[in-house]
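Novice: Starting from the given sequences, assemble the full structure and let the hints guide the process.
Note that the numbering used here has the sequence shown beginning at 17, numbered continuously upward.
Just so you know, not all the hints are guaranteed correct.
Stated by the list, open to error - Straight-line C-alpha distance at most 30 Å; calculated DSSO-like pairs for lysine-lysine:
1) 41 <-> 25
2) 41 <-> 71
3) 45 <-> 25
4) 45 <-> 71
5) 45 <-> 33
If you are wondering where the hints come from, they were derived from the structure by calculation, not from laboratory data. The structure displayed is predicted, hence computed values, not measured ones.
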Amino acid sequence: MNFVTVSPKFQVVIPQKVREMLGVKAGQKMTVLAYDNRIVLIPTRPIQEARGSLKGMDTNVERDEDERV
Numbered sequence: 017m018n019f020v021t022v023s024p025k026f027q028v029v030i031p032q033k034v035r036e037m038l039g040v041k042a043g044q045k046m047t048v049l050a051y052d053n054r055i056v057l058i059p060t061r062p063i064q065e066a067r068g069s070l071k072g073m074d075t076n077v078e079r080d081e082d083e084r085v
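Specialist: Now the structure itself:
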C-alpha cells in the first residue's frame, strides 16, 4: 500500500509506481473528485486517445420521433 503526506501547501506526491502504472506525466491535468469520504484523482487524457474506443458499438438505436432530424 502506498502512503503520501500532505504538505503545508496541501500538496501530495503521487508514488512512482502509481505514476508509471497510469502513465501520469509531469504537468498533466487531473480531475479531482470528492467521493464517499475519499479524494479521487483521475488523469485527464487527450480526446484523440479515445478515437476508436467504441469500435463495433451498435449505433442503430431507435429514437423518439421528436429527436429525429
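Novice: Now tell me, hint by hint, if it's right for this structure.
Specialist: Here is how each hint holds up against the structure:
no. : hint      : in the structure
1   : 41 <-> 25 : holds (21 Å)
2   : 41 <-> 71 : holds (27 Å)
3   : 45 <-> 25 : holds (18 Å)
4   : 45 <-> 71 : holds (27 Å)
5   : 45 <-> 33 : holds (18 Å)
Hint compliance for this structure: every hint is met.
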